[in-house]
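Peer 1: Chains as they are written, first to last, in UniProt numbering: chain A, 1 to 132; chain B, 1 to 132; chain C, 1 to 132.
Worth flagging that the hints you see were computed from the coordinates, not collected in a lab.
Mixed in with the good hints, there may be bad ones.
To be verified - Here are some, though not all, of the chain A residues that point toward chain C, as calculated from beta-carbon distances under 8 Å:
id, residue
1, T31
2, N45
3, T49
4, D51
5, Y53
6, I63
7, D74
8, T77
9, S78
10, V81
11, T82
12, G93
13, A96
14, L100
15, V101
16, V102
Stated by the list, open to error - Derived CB-CB ranges, DEER-like:
id, chain 1, residue 1, chain 2, residue 2, range
17, A, H34, C, P15, 42 to 48 Å
18, B, R10, A, K131, 33 to 39 Å
19, C, G130, A, G93, 20 to 26 Å
20, B, S70, A, D74, 34 to 40 Å
Backbone N, C-alpha and C fix where the C-beta goes; we use that ideal spot for every residue, glycine too.
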Amino acid sequence: MPIYTCTTARGTLRPEDKAALAAEVTRIHSTVNHVPSTYINVVFNELPTEDVYTDGRPARPLIINGWVRSGHPDDETSRLVTEVAEAATRVTGIPAERVLVVIGNSPARFAIEGGRVLPDPGQEQAWLAGKI
Amino acid sequence: MPIYTCTTARGTLRPEDKAALAAEVTRIHSTVNHVPSTYINVVFNELPTEDVYTDGRPARPLIINGWVRSGHPDDETSRLVTEVAEAATRVTGIPAERVLVVIGNSPARFAIEGGRVLPDPGQEQAWLAGKI
Amino acid sequence: MPIYTCTTARGTLRPEDKAALAAEVTRIHSTVNHVPSTYINVVFNELPTEDVYTDGRPARPLIINGWVRSGHPDDETSRLVTEVAEAATRVTGIPAERVLVVIGNSPARFAIEGGRVLPDPGQEQAWLAGKI
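Bound conformation, chain A alone (with noise of 0.2 Å):
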């Protein structure tokens, strides 16, 4: 159900970053809001280096934009924008400063995955085993 999006200049992330990054990402946020991780992607957009700004200038950000249903806990999001950002920096050696972690929401009923539209937080095992 979520996608996180991780934005980069070319050459921020070596290859086994990447494949480290995405498997963090998908245990932490199975772990912290109960979504089996068969339904959890992580794609990485690596942009050429002069296409990445801060501050109106060439930089080398690592930008994780992610999605949540709308209804879990804000305490839970928060958690878990922190877990992120911090198995960001452990795994790839970025430092907190250049991390920028956003997660956006919207409805469940707004998304649909396998066929069936998203259960709301809380029916997730119902909607598992087919019951809604």
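Add chains B and C to chain A, keeping to what the hints say.
Peer 2: Chains B and C alone, transformed into the frame defined by chain A:
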């Protein structure tokens, strides 16, 4: 007004799939959300195969992210994602299990096109006629 | 804190357009939303010409997606998109008809930068001073 971004690993879609999917998404959105097709944008973001992960492993999902103005009836947006997902499978042959469609939303007044801030849902005709 | 993603078909923007647009978006956002420019990210996602559609046909729009923290006055965000769209046309020469700016939003506590969860609008000074 709307934007749909289709993210895949390279080689997931054939060139003719992309043109056909863009046409179908445009047709569906125009019908369900009452927006002239001239305002509907569909882009494809094809990433290297090693940059797309599901469950922490390289994978080949078709991820479609859309954006709509807040204020459409929720049912309408559920119908929108359902029809877009069905069209994605029908046009590309990718099974429903690998298709994820997510619509984000924000207020119409947070968006601008053709130099004019967008109208709330229901105000399209007046806006198109230049009356608001 | 904010992120702007400018999506185009390749060749729509000249290299100098990108640097100038990044500078302008940074200046405008900093002024309107009271965010130090050092926190403003602008990235360009240039796609193959056959991967960008408007009205179901290959096209050359300039699509600018931004993200802001929820809680800014709505008027301020309308001013933001208006000024960004005007700057886009002024800097790049692309007519307003092909420029679409959309700002998404989610709670500040759904985002983290520099290892700290973001402050709500209005709390920037205390946050920057390390007091919250």
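Peer 1: Take the hints in turn and mark each one as holding or not.
Peer 2: Against the structure, the hints come out as follows:
Hint status for T31 of chain A relative to chain C: violated, with the closest Cβ pair at about 17 Å, above 8 Å. Using the Cβ-Cβ criterion of 8 Å, the hint placing N45 of chain A at the interface with chain C is satisfied: the shortest such distance is roughly 7 Å. For the restraint placing T49 of chain A at the interface with chain C, the shortest Cβ-Cβ distance is roughly 11 Å, beyond the 8 Å limit, so the hint is violated. Among the interface hints, the one on D51 of chain A holds; its C-beta lies about 4 Å from the nearest C-beta in chain C, closer than the 8 Å criterion.
For Y53 of chain A, the interface hint holds, the least distance from its beta-carbon to any beta-carbon of chain C being 4 Å, beneath 8 Å. With 8 Å as the threshold, the beta carbon of I63 of chain A comes within range of chain C, its nearest partner Cβ sitting at about 6 Å, so the hint holds. Interface restraint check for D74 of chain A: the shortest CB-CB distance to chain C comes to about 6 Å, inside 8 Å, so the restraint holds. With a least beta-carbon distance of about 5 Å to chain C, the hint placing T77 of chain A at the interface is held under the 8 Å criterion.
Hint on S78 of chain A holds. Least Cβ distance to chain C is approximately 5 Å, under the 8 Å limit. The interface hint given for V81 of chain A is met, as the beta carbon of that residue sits about 4 Å from the closest beta carbon of chain C, less than 8 Å. With its C-beta approaching chain C no nearer than about 6 Å, T82 of chain A sits inside the 8 Å limit, and its interface hint holds. About 14 Å separates the beta-carbon of G93 of chain A from the nearest beta-carbon of chain C, more than 8 Å, and the hint is not met.
At about 4 Å, the closest approach between the beta carbon of A96 of chain A and any beta carbon in chain C falls short of 8 Å, and the interface hint on this residue holds. Using the Cβ-Cβ criterion of 8 Å, the hint placing L100 of chain A at the interface with chain C is satisfied: the shortest such distance is roughly 5 Å. The beta carbon of V101 of chain A is positioned within 8 Å of a beta carbon in chain C (closest approach about 5 Å), and the interface hint is therefore held. Proximity of V102 of chain A to chain C holds as hinted, the smallest CB-CB distance being about 4 Å (cut-off 8 Å).
The hinted range of 42 to 48 Å is satisfied by H34 of chain A and P15 of chain C, whose Cβ atoms lie roughly 46 Å apart. Checked against the hint of 33 to 39 Å, the pair R10 of chain B and K131 of chain A passes, with Cβ atoms roughly 38 Å apart. For the pair G130 of chain C and G93 of chain A, the beta carbons lie near 24 Å from each other, so the given range of 20 to 26 Å is met. In this structure the supplied range 34 to 40 Å is violated for S70 of chain B paired with D74 of chain A, their Cβ-Cβ distance being about 19 Å.
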